[in-house]
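There are 2 protein chains.
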Amino acid sequence: MNTQKQISIVGAGLVGSLLSIYLAKRGHKVNVYERRADMRKNKIAAGRSINLALSDRGWRGLEGVGIADEIKKIAIPMYGRRIHHVDQSTVYQPYGKNDQAIYSVSRAGINMRLMDLAEQQENVSLHFSERCTAASTKNGSLSFINEHSQAEITIQSDFIFGSDGAFSAARMNMMTSNDRFNYQQYYIEHGYKELHIPPGPNGEFLMEKNALHIWPRGSYMMIALPNMDGSFTCTLFFPFEGPDSFATVQTPEQVSEFFNRVFPDAVPLMPTLTEDFATNPTASLVTVKCAPWTFDDKLALIGDAAHAIVPFYGQGMNCGFEDCVVLNELMETYGDDWKTVFSNYESLRKPDGDAIADLAIANFVEMRDKTGDPKFLLQKKIEARFSEKYPDKWIPLYSMVTYSPHIRYSTALREGQKQEQIMQKIMARPDIESVWDSEEVEKAILGALS
Amino acid sequence: MNTQKQISIVGAGLVGSLLSIYLAKRGHKVNVYERRADMRKNKIAAGRSINLALSDRGWRGLEGVGIADEIKKIAIPMYGRRIHHVDQSTVYQPYGKNDQAIYSVSRAGINMRLMDLAEQQENVSLHFSERCTAASTKNGSLSFINEHSQAEITIQSDFIFGSDGAFSAARMNMMTSNDRFNYQQYYIEHGYKELHIPPGPNGEFLMEKNALHIWPRGSYMMIALPNMDGSFTCTLFFPFEGPDSFATVQTPEQVSEFFNRVFPDAVPLMPTLTEDFATNPTASLVTVKCAPWTFDDKLALIGDAAHAIVPFYGQGMNCGFEDCVVLNELMETYGDDWKTVFSNYESLRKPDGDAIADLAIANFVEMRDKTGDPKFLLQKKIEARFSEKYPDKWIPLYSMVTYSPHIRYSTALREGQKQEQIMQKIMARPDIESVWDSEEVEKAILGALS
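Chains A and B are the protein sequences, given in the same order. By my numbering, the letter at position 9 of the first sequence is numbered 248, and the numbering carries on one by one without gaps. By my numbering, the letter at position 441 of the second sequence is numbered 680, and the numbering carries on one by one without gaps.
Hints listed in this document are in silico derivations from the structure and should not be mistaken for laboratory results. All values derive from a computational prediction rather than experimental measurement. For glycine and all other residues, C-beta sits at the position ideal for the given N, C-alpha and C. You may find that some hints are simply not true.
As the list claims (entries may be wrong) - Partial selection, computed: residues in chain B whose CB lies under 10 Å from chain A:
id, residue
1, ARG321
2, PHE406
3, MET411
4, MET414
5, ASP418
6, PHE420
7, TYR426
8, THR472
9, PHE479
10, ALA517
11, THR518
12, ASN519
13, ALA522
Said to hold, decoys possible - The following label-pair restraints were derived from C-beta to C-beta distances:
id, chain 1, residue 1, chain 2, residue 2, range
14, B, PRO669, A, ASP608, 45 to 55 Å
15, A, GLY266, B, LYS377, 43 to 53 Å
16, B, ASP397, A, GLU447, 25 to 35 Å
Isolated chain A (complex conformation) (with noise of 0.2 Å):
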């Protein structure tokens, strides 16, 4: 237990929530605004990706507080990729070894559970629609309107989190109140649109229930993810502009027309196909690096506010769970030295974020492309195969980001890089696919490995 803090946190969502468990658990004081109305009184999408993949970081998170038993009651495993073909046969890749999964959460369901645990802390208490406006740290003042009365209100607290997502308006008041603020933001050249699966008949899933399921394509790919419900989310992401792009596929006979051509076993499947393209937004999809995350020792960033990233990792939430750990660590070690807190909170977890956000783009090019190329499968099962048989020499990159929560995401891209420098090399024998599994490969590993 700590001394008790009055702490404000911007933003209710994932990591928002979360937070306010881990700061109420160890006895302060904590009020948190959200922009939205309660998503559990009223229905609004909790931001635009409906279902998200749950692994190793983001359990660690839930377990730190007591509540991953509660969410897994609403989340599906799903032990590997089933890779749809344009021939429509597939292929099954497993994520890992045995039992190791990502699960399949409903975005708006953890959300609301979280929301829920975090109303059962006596210390917590969740304000909606508040639309934060302005942010200070000479003083610790937030300034909201609410965006039904219009109200006007000034708070003070010892400490504010900033946990309000990749356009943090918390972030936004430190960028234009500090000096030497390091910001990038950059768009990749593809966007999104969900689509939609139903449950069967008998609500039972008409695809493969534990599976992420990946039309790889090259250019651009369509996943879908299992609902509780039976149905499946699916997501195209697609270019802007080009050829086959969202410039081009815009009409009820051309999205017929290009989904027959590239999606022909999903198109029996999405009843609702040409009303869903029509009907549902295109979203686009940014990365966000800034330093510093804190800001006089008072006000600190966390979650995607900290270090927005592409989905293609499925690491977003499970790394700003993982910023919750880390911090809850520090304040475990530290006690009431939150300058310590907050300048190791800062030193450790910005190189993570920063790595995340590269590993997060590159795997955009492995999920279109790669899953597709028998090349690329062969060089992941000669892995497989010489980490089965030396776990502690080997630990594929996957499986470091995915499962390994004790490797930081620094360490995993760094290496990484490694893995993938000694694999070009092996890939490039003439003969590698005849020998993958020989002896004399093992041992060219080994040997480029000391």
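Take the given structure of chain A and dock chain B to it, following the hints.
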């Protein structure tokens, strides 16, 4: 002459003022809105950097509207660098051939002349103390609050130019209202502080008048540029943190000790050193890159608002003036087809803005460190000798950037990288100091080039 349009310019700085003259000369009706008060009536600093180096790209911009002669009256040519070593010896390095020079001009002086010249145009009106609060491309509207009366106005125009500097309000409005705006601001580890060398008792220059003075000291440097009144403006570029830095050099005693130790020949010329150091602000150095530069064929960013750069190539103003030249040429070519003018302006100038930003960062290392390095000076001598003999095969990078407005910044960057690769090999010869002016070395460069 094009069809007359109503054009609004945000910012009456160097670029906004020059642009207004170009547009008026094409027959447009131009209103310029400046946040600051009229600097011609009030003694205020026009930004922080008191003098600037005008070079050929800038002159070309001024010549295009026939005002180069006006400005030449208030400019002092600098034909080379005078390097001041710690042992108080000095060395002269010419900037180019014969009478090639860059020109020291007072920022406020040139800005005020440009405002006068703008107001002499029948179709230009300048409005002061108008702070831009909103910009919209929907109907070409701009809103301003008058800093004195607090009166709010909203005006509409056919086209808008945002020339309101590194922290452009016009750009900020586009950033928040447009999806997929890529933006980056990053600060270097160094800040700067301006200091003063007054004229001698009879108004004479106390150092060589026609040179840019540099005290290169490895990780930091001081420079001095001449002013019309016989004084020099010195600028210390210095790390914010570290052993020798703004963090450690603060008190008058620390300032005296530091300057006597590292700039011993300058100290006797700086009678107000410790006062100036205490009084003058420490300013930071930012690079801004963004995309797009144009929005809905209605609003375009120009000058620092589109591409703020660090000052080490002396190209900030020159690049902004060149923006005006390029825009004017496109208007000449495409007449009333503003859509094509805007899109070509962006596609032509964006790579050049990025290139000069990177060149400016790289030149800091050259100025503060390499100008004091005999090996580097030998390399420059070899390049100069080769360039003199084969002027069509080799223009030194500095000359491409500074004296060659017909060579794009992006071309200069690329050619400069090739040259540097060649010279690294040449300089790696162990006997280079004895054979530097030999036919052998000349042949080696010729061979590498072909």
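Hints, one by one, checked against the model:
no.: 1; hint: ARG321; verdict: violated, 32 Å
no.: 2; hint: PHE406; verdict: holds, 8 Å
no.: 3; hint: MET411; verdict: holds, 8 Å
no.: 4; hint: MET414; verdict: holds, 8 Å
no.: 5; hint: ASP418; verdict: holds, 5 Å
no.: 6; hint: PHE420; verdict: holds, 7 Å
no.: 7; hint: TYR426; verdict: holds, 4 Å
no.: 8; hint: THR472; verdict: violated, 22 Å
no.: 9; hint: PHE479; verdict: holds, 8 Å
no.: 10; hint: ALA517; verdict: violated, 19 Å
no.: 11; hint: THR518; verdict: violated, 18 Å
no.: 12; hint: ASN519; verdict: violated, 16 Å
no.: 13; hint: ALA522; verdict: holds, 9 Å
no.: 14; hint: B:PRO669 / A:ASP608: 45 to 55 Å; verdict: holds, 48 Å
no.: 15; hint: A:GLY266 / B:LYS377: 43 to 53 Å; verdict: holds, 51 Å
no.: 16; hint: B:ASP397 / A:GLU447: 25 to 35 Å; verdict: violated, 58 Å
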